[in-house]
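Novice: Sequence:
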Amino acid sequence: MSELGRRAEKLHALNGKFIDSFIHSLSEKTLSESFPSHYKHDKEAMHNAHDQITDFVREHFGNEFDRVKTKRDLVGKLNKLEEMSLRVGDAQGPRHVPQPDQVVRALRVQLKMKELERLQTEEAKIREENEELMRQVADKTRKLEEGSRNLEMDFMQPQQTMQIINSIPTGELDEIFEDLL
426 MSELGRRAEK LHALNGKFID SFIHSLSEKT LSESFPSHYK HDKEAMHNAH DQITDFVREH
486 FGNEFDRVKT KRDLVGKLNK LEEMSLRVGD AQGPRHVPQP DQVVRALRVQ LKMKELERLQ
546 TEEAKIREEN EELMRQVADK TRKLEEGSRN LEMDFMQPQQ TMQIINSIPT GELDEIFEDL
606 L
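Convert by adding 425 to the 1-based position in the sequence shown; the result is the number in our numbering.
Since the hints were derived computationally from the structure, they do not count as laboratory data.
All values reported here derive from a predicted model rather than from experimental measurement.
All residues carry an ideal CB built from backbone N, CA and C; glycine is no exception.
Restraint ranges, calculated between C-beta atoms of paired labels, are given here:
1. F481 x E507: 29 to 37 Å
2. R492 x A438: 16 to 24 Å
3. L569 x N591: 28 to 36 Å
4. K465 x N488: 29 to 37 Å
5. E507 x A549: 47 to 55 Å
6. L439 x E469: 33 to 41 Å
7. T546 x Q584: 51 to 59 Å
8. L532 x K442: 29 to 37 Å
Take these sequences, add in the hints, and give me the full structure.
Specialist: So, in structure tokens, the structure goes:
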């Protein structure tokens, strides 16, 4: 059997915890509740049966774990994984584990960047709408100015006509009217 690496040791510890928790769930109390009539008649036999069951479970689960571990070469694979991890870690330099506040800060920055992007998109949309409204205002102002100039010209035209009429001598004006009638 090859030497256990850190990951393989964790796998063994995990299997041990699993077996212990399983055996803990098979307490004498659970056994007595499952077989109340046998427990009342022979408590010593039930105690011995509990010991035998826990020994069987510990041995059987342990043997089955060892069989699967050997069949699938889990220790070798975990040791290779550990070596690869160490090589990558050495190539990258010392590993830096971020502090919780650094993780929170990084997540906040990420959220703020998304919000900034959303706000910039919203600003561009509002700018477009604003430019369109400004074009409409400029068009309406231009039309209003044209209308004002036209109105002014229309207003000025009768005055100019009156000036022309006033500049024509009265006798000539009478002749023009008589010719028209």
